[in-house]
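Make the full structure from the sequences, and use the hints.
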Amino acid sequence: MTVNHHLDEATLFAFGAGTLQFSLTVLVKAHLELCPKCRCAAVAASEIGGVLLGEQDELAVGVESKAAVMERIGTATLHRLPVRTVRREDEMPNVLRSLLKDANFDSLKWKKAGPGLAVIKLQKSDEEPGFFGLLRIEPGRKMPDHGHGGTELTLVLQGAYEDAMGHFGRGDIADLDESDIHTPVVTGDVACICLVANDAPTRFQSWPARLVQRFIGI
Amino acid sequence: MNEARLTNLIKLVAQNLDREAFGELFDALAPRVKGTLRKRGLDREAAEDVMQDVLLSIWIKAGLFDPARGSLMGWVYTITRNASIDRARRQKPSVSLDLIEWEPADQSESSEDRVLRLSANENLKSAMTLVPADQLVIIRMAFEQDLSQSEIASRLKLPLGTVKSRMRLAYARMRKCIEENQ
Ligand SMILES: [Zn+2]
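Residue numbers (our numbering), protein chains in the order written: chain C, 1 to 218; chain X, 1 to 182.
By construction, these hints were calculated from the structure, which means they are not laboratory data.
Take the hints with a grain of salt, since some may be wrong.
Once the Cα atoms are required to be at most 30 Å apart in a straight line, the calculated DSSO-like pairs of lysine-lysine come out as [stated by the list, open to error]:
#1 X:K176 <-> X:K125
#2 X:K39 <-> X:K125
#3 C:K37 <-> X:K157
#4 C:K66 <-> C:K112
#5 C:K101 <-> C:K37
#6 X:K157 <-> C:K66
#7 X:K176 <-> C:K66
#8 C:K66 <-> X:K11
#9 C:K124 <-> X:K157
#10 X:K125 <-> C:K37
#11 C:K124 <-> C:K109
#12 C:K124 <-> X:K11
#13 C:K121 <-> C:K37
Keep in mind the model is a prediction, meaning the values are calculated, not measured.
In structure tokens, the structure reads:
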């Protein structure tokens with residue numbers, strides 16, 4: 001698997017600072033599991049935070065606080081092995097698997113949302129805006145033209161699609177701005193499964209949300 | 001305390017579960033971690049709580065830290081950031097964001113994809129002083145005050161696109177500096 005479409009550096013910057021909303025953070029994490037290049041770039045973003053941490057004002061920490069931590073380390077279970085990155089071609093990123101509590105796309109409860117389109121909505125955090133979920137689009141299907149209100153991330157997990165920006169296969173991420181409009185068409189002979197999150201405010205219903213609304217009336 | 005000393009301490013913690021070394025790390029890191037959390041908007045009590053969790057995580061994950069992947073301060077920052085995000089989320093979907101992005105690179109990766117190697121972030125510190133003021137203000141708003149791109153845009157009365165492009169510029173400068181230091 002070669003990843004050709006990566007995260008925008010402004011998105012990596014915001015991810016590094018920890019200011020992306022939950023759904024977008026999950027998208028970034030899922031891409032990082034599939035993409036060594038962006039993993040490396042994410043470390044660079046953390047280094048900025050590291051420099052600022054080093055310059056930070058030091059606030060007094062009480063002796064009882066240190067004693068409490070020293071006591072807790074006595075019973076803590078150590079992590080010795082890193083979280084394994086995704087290796088197999090059909091594997092689901094860990095971050096998504098832990099959200100879905102399932103490792104297999106086929107056994108998920110897909111909701112039909114129109115001809116050739118099925119959706120699974122994922123739980124968002126707090127009141128954050130936008131759509132967050134999985135889309136499964138059948139081969140040859142075309143999504144309607146759409147723009148959206150803010151940042152939108154689309155990560156391909158299975159199959160492929162094409163739009164004006166090129167060919168997107170497994171691991172590729174489309175990191176789109178509010179001004180971008182795209183018309184993805186699914187290519188190849190398997191359904192394309194994408195993880196999608198955006199931060200479109202509700203007054204600009206995001207396109208996946210609008211589709212879902214139209215077909216199943218959520 | 002310098003990066004080399006800190007890195008040596010974390011190694012002692014990882015290899016020997018050295019409590020004394022950890023105590024020294026605690027003294028060096030805890031006050032700054034707490035300062036960072038306060039700046040990100042946590043109240044005194046929450047900052048104290050989360051700081052303790054962060055330090056405990058450092059003990060637990062010491063064996064995962066790899067100095068060839070990045071600096072200790074960057075790693076500690078990542079743990080602090082994740083802990084503060086988890087704390088801030090009131091309605092928590094059942095997933096921790098603390099899946100590590102510091103994992104060692106795969107053997108099969110091509111050389112240009114290989115990990116960044118930096119011995120210390122000294123160069124980065126000096127690079128930061130060369131960042132133009134309009135970018136630096138955005139770095140601080142995001143990394144220290146935990147403001148999103150759109151929050152920064154509205155505070156600075158700038159279009160979102162301008163904020164994003166300044167982030168790209170600031171990020172590219174830092175990245176270049178890290179790569180030159182490899
Ligand atoms: Zn990437």
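Looking back at the hints listed earlier, which ones does the structure fail to meet? Hints 3, 4, 6, 7, 12 not satisfied by this model.
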